[in-house]
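*Asks:* Here is what each chain is made of, one letter per residue.
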Amino acid sequence: MRYWEDIKVGDTAILGSHTVTEDEILAFARKYDPQPFHLDREAATRSIFGGLIASGWHSCAIMMRLSVDHMKREQLAGVGSPGIDSCRFVKPVRPGDTVTVRTEITESWPSKSKPIGFIRRRADMLNQHGDVVLTVIGVGMFQRKGEPQPQARRADT
Amino acid sequence: MMVPERSEGGMTDLLYFEDVKVGDTERFGRYEVTREEIIEYARQFDPQPFHLDEEAGKASPFGGLIASGWHTGAMLIRMLNDHSIPRAATSGALGFDDLKWVKPVRPGDILSVETRVLDKAESRSRPEIGVVKVESRVLNQAGELKMSLVSIILYRRRR
Numbered sequence: 000m001r002y003w004e005d006i007k008v009g010d011t012a013i014l015g016s017h018t019v020t021e022d023e024i025l026a027f028a029r030k031y032d033p034q035p036f037h038l039d040r041e042a043a044t045r046s047i048f049g050g051l052i053a054s055g056w057h058s059c060a061i062m063m064r065l066s067v068d069h070m071k072r073e074q075l076a077g078v079g080s081p082g083i084d085s086c087r088f089v090k091p092v093r094p095g096d097t098v099t100v101r102t103e104i105t106e107s108w109p110s111k112s113k114p115i116g117f118i119r120r121r122a123d124m125l126n127q128h129g130d131v132v133l134t135v136i137g138v139g140m141f142q143r144k145g146e147p148q149p150q151a152r153r154a155d156t
Numbered sequence: 000m001m002v003p004e005r006s007e008g009g010m011t012d013l014l015y016f017e018d019v020k021v022g023d024t025e026r027f028g029r030y031e032v033t034r035e036e037i038i039e040y041a042r043q044f045d046p047q048p049f050h051l052d053e054e055a056g057k058a059s060p061f062g063g064l065i066a067s068g069w070h071t072g073a074m075l076i077r078m079l080n081d082h083s084i085p086r087a088a089t090s091g092a093l094g095f096d097d098l099k100w101v102k103p104v105r106p107g108d109i110l111s112v113e114t115r116v117l118d119k120a121e122s123r124s125r126p127e128i129g130v131v132k133v134e135s136r137v138l139n140q141a142g143e144l145k146m147s148l149v150s151i152i153l154y155r156r157r158r
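Protein chains in written order, with numbering that gives the first Met the number 0: chain A, 0 to 156; chain B, 0 to 158.
Do not take every clue at face value.
[What the hints assert, rightly or not] Below, computed lysine to aspartate or glutamate pairings styled on DMTMM-like, alpha-carbon distance capped at 20 Å:
1) A/Lys30 to B/Glu53
2) B/Lys57 to A/Glu146
3) A/Lys30 to B/Glu31
[Stated by the list, open to error] Computed from the model, here is a short list of chain B residues facing chain A with C-beta under 8 Å:
4) Asp96
5) Trp100
6) Leu144
I should point out that these hints are in silico values taken from the structure, not numbers from a laboratory.
Virtual Cβ for every residue (Gly too), placed ideally from N, Cα, C.
Put together the whole structure using the sequences plus the hints.
*Replies:* Laid out in structure tokens, this is it:
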């Protein structure tokens, strides 16, 4: 396993790529974000976006999947996230786009109360033209070397 | 634009930038969180053990199966779609700030939303648009705060 101590400020990575299909965009939109420009090709053509685009929350979900796959490959001992500082839907993601996520670690600090450490990470999602489509700056929590996994919290606390 | 100038039946006008007041609050939504949906979302987007499997969840710091935080965000946008978005003259969102995953969302939670308008400003570069910051708080049936964020929404201005 690789722990909080193994992650350094300035580290960069390419997490992976994913080609977004129209079916995926429609399925996500039907379930979670049924705005016309995410859901209906005809309506989307007449919208300000000029065609079908993925929900921003779908792009975030794709970024998360690429991040989890990367964490597993790198055997990183991640234990979740307390939150996101900022998320910007910079450009639309359209059917057929191949998106790639690139990350940089910008900050690192240990928890004062738990056997974990925090990192702050900037993640940019780019399309096949090299345009940034999504930027997420957020915090991740990782186990520390030689420390047991943090204790289970009770469901009612 | 896709949003009709009046809602179905013409009973209510759409809310434009000028109609939004700082301090406006609303409560709405009902989203029943199921084990099946938590696992379905996690398989596709966030396959970490504590989102996929009850036993793995028990062995984790979370003490049981919990929803992906991004799944909770997706449930929030669904509740906004079912209430606020069709009534607002918006042109999408720039994104959000200050997302906090305060407590895990678990099977059996029934979620609802509280929104509050924090700030509004005319766009300098686009005179037809105003930028509105809205805080959304996701709560469960016991009133526990699960997640909060501040959306940055583009409202159209009345001509």
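*Asks:* None of the hints should be skipped; say for each whether it holds.
*Replies:* Checked hints:
Annotation: proposed proximity of lysine 30 of chain A to glutamate 53 of chain B is violated, straight-line Cα distance about 24 Å (limit 20 Å). Between lysine 57 of chain B and glutamate 146 of chain A the CA atoms are separated by roughly 19 Å; this keeps the pair inside 20 Å, and the hint holds. The suggested pairing of lysine 30 of chain A with glutamate 31 of chain B holds, with an alpha-carbon distance near 14 Å, which does not exceed 20 Å. Nearest Cβ of chain A to the Cβ of aspartate 96 of chain B: about 5 Å, under the 8 Å cut. The hint holds.
For tryptophan 100 of chain B, the interface hint holds, the least distance from its beta-carbon to any beta-carbon of chain A being 6 Å, beneath 8 Å. Annotation: interface hint on leucine 144 of chain B violated; nearest CB of chain A at approximately 13 Å, more than 8 Å.
The structure fails to meet hints 1, 6 from the earlier list, while all remaining hints are met.
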